[in-house]
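Chain residues, written in single-letter form:
Number of protein chains: 2
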Amino acid sequence: MTARNAFYAQSGGVTAVINATACGLIETARSHPDKIGAVYAGRHGIIGALTEDLIDTSRESPDAIAALRHTPAGAFGSCRYKLKGLEQNRAEYERLIDVFRAHDIGYFFYNGGGDSQDTSWKITQMAQSVSYPLTCIGIPKTVDNDLPITDTCPGFGSVAKYVAVSVREAAFDVASMAKTSTKVFIMEVMGRHAGWIAAAGGLAQEHPGDAPHLILFPEIPFDEPRFLERVKEAVDREGYCVIVASEGIKNAAGEFLSEAGTRDAFGHAQLGGVAPVLARIVKEALGYKYHWAVADYLQRAARHIASKTDVEQAYALGRAAVELAIAGKNAVMPIIIRKSDSPYVWAIGEAHLSEVANVEKKMPREYIGEDGYGITAACRRYLAPLIQGEDYPPYENGLPRYVHLKNEAVPKRLTAAFQPAK
Amino acid sequence: MTARNAFYAQSGGVTAVINATACGLIETARSHPDKIGAVYAGRHGIIGALTEDLIDTSRESPDAIAALRHTPAGAFGSCRYKLKGLEQNRAEYERLIDVFRAHDIGYFFYNGGGDSQDTSWKITQMAQSVSYPLTCIGIPKTVDNDLPITDTCPGFGSVAKYVAVSVREAAFDVASMAKTSTKVFIMEVMGRHAGWIAAAGGLAQEHPGDAPHLILFPEIPFDEPRFLERVKEAVDREGYCVIVASEGIKNAAGEFLSEAGTRDAFGHAQLGGVAPVLARIVKEALGYKYHWAVADYLQRAARHIASKTDVEQAYALGRAAVELAIAGKNAVMPIIIRKSDSPYVWAIGEAHLSEVANVEKKMPREYIGEDGYGITAACRRYLAPLIQGEDYPPYENGLPRYVHLKNEAVPKRLTAAFQPAK
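Residue numbers (the numbering used here), protein chains in the order written: chain A, 1 to 422; chain B, 1 to 422.
Chain A with its partners taken away, still in its complex shape (with noise of 0.2 Å):
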């Protein structure tokens, strides 16, 4: 069996361990030159497979392959772009094994979420209808933490520590302060449609009583005069009240908070962040000075407070799509398994493409507390173990030393060019 060529793409929203997974891959693939050629990344992801811009990894010396590990981001860009159904649009699929024709790929490496899964899931299926021979290896990669089979997601775990280390932090500093000043501190975090990340915020709670609070989750209504209550009830408790919302939160008829009713002078509809808004309906309502943070990009771009686990686990399942590649499986996605909570013990196993494929993973409500405004202990046990580490990145000049690759292009070999559907 002479070697082939492996086609990586990074997909979705980045994480700070994407890389990770990348170095993983690219490093293990490297180990046997008899199995994989050259790994081709997709320049923006499957946009670059699309328009036959492949980047030529094997340009790029080992020490910076190496560096991918503590890089955040996307080194060989991602995208936002979901292929459609085999039915919609046949010529998509065609034009991905003509370019992977081209290039003698053997191997499809796919790194992301729900929706990436079911575009290897449907590649397999395409490239087998043709009987082009392709190996395709879905590979975890969400901060939504939304995958269903694995125990997490790459990406999560560092989210889940940025927030849980910056609610404690920011907790301290309003506890100083709310004598005479800031007596409600709310932070906005990612999670659209799940809880996952907000949740991470009660890991900083050490004692009862301490921050957070309250937490909003996406998955409770928001119900806005018993919030204010347990608002009240904080600040005369403890004299000040931490909140973690996640910017999904919804009011009971089902509208996204951050966009009812709130409008600038101009009638122009605010863009985004819940928590002015629930800033204005506090300090409305109970008149308290506050404060809002909104972390956005810097918690999934936060490699320097990294979860060490996380990193680990990313840089594994790299290794693994390689390992379960070369040993002729194909159509799976690595995964983690957790064979014990404490001390987290994780192996890592496989699911199938199909089973993955367009299956979002809920928070389950018994991770919620009953009043629906914290975690419970089951919660607790299941994320503990995801933020335990630290994985500091370089430094140089007393800032991160992250590599910026080369990202020298493959020279094209088909004529025709392709436009990507949207």
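Treat each hint with caution, since some may be false.
Since the list gives no way to pick one copy over another, a pair counts as held whenever it fits inside one copy or between any two copies.
Unchecked claim - For lysine-lysine, the following DSSO-like pairs were computed, each having C-alpha atoms within a straight-line distance of at most 27 Å:
(1) Lys122 / Lys362
(2) Lys361 / Lys122
(3) Lys122 / Lys232
(4) Lys289 / Lys250
(5) Lys412 / Lys283
(6) Lys283 / Lys250
(7) Lys179 / Lys84
It should be emphasised that the hints constitute simulated quantities derived from the structure, not laboratory data.
Got chain A sorted already, so can you dock chain B onto it with the hints?
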């Protein structure tokens, strides 16, 4: 000479390293039991002195005091409370002297910004006028970096590091996604009156073209058409645009942009946040997909990514305050003197409180690039040393282990209660 007690208070907005100053001060005081008896801290700052609510720091273990070095925010509580002038509210100054007399306090250490140094100076004068023997030492602290004479203020270097690291990380994220998603990212930082913190965002830039592409300073009136032109240029050239915006930017009429003309559907003023205002301006004029972050307290509480230089200076100034006091100095503030930029060599000096009180150090115009949107080489030379080095706190269960002191009260000795002015 018998030992007399010391009073220490934290004032104004807290920082990631003000407790490192407390640590230096208390450890040094403990090593001079012949001169200094107990160190009493004001609970919630100067309010603790006015209300005779003193914390006996001698009840804390050496380990707990040592842990202050790596614990953010104000361990004894701080306050925003400015004593009025001697003429306007002599009663408050008399009360302070009464409390000090009752507890044999011979040393007054006030850890704060310009207002606090003004208060220290007034207390010096008051003590002299009633012949109460009191040594008054100010200790600098402010993330705003606006105290005169000293090279920098403890707290600033760590905010600067947080902002530079965060901008670099977020920029990697945006660069990964810009092809199909977010093209403009805005990070709002503190600094209502001076652009020091915004300027620190400029340190994230390594090569020309790197983020941040625009820095918006409060010193430069916001010019919407020019701003939009520059955003478009960056997106055309780099594919994306990262903006660091001071919370204090103003329009040509001198109004804060965060307050100008933004009301919600019910006519409520929108509560803070210049980043969403800028996002709307960009979206409406240029149509780019945007994201924005408001770091708020996270930036000044972020002990996990504190500058080692800042921590060392904060500690050294606390130690120096005690050393100046026992050397018989009065009405002075220890300061940082810069001996050289690179390598950064600094020493402790001193300034008289009368020179420091109510003098604000502005950012020099020559630190802002000619076009008003970036920092100059001179600014970089000044800022770069201040973020050098990492000083990680210890971790437990994936989270920084910050200390909660016992904060036991000193028994009251005065019969009269006292109500602070406001």
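Exercise for the section: Please flag the earlier hints that this structure goes against, numbers listed from lowest up. Expected result: 3 and 5
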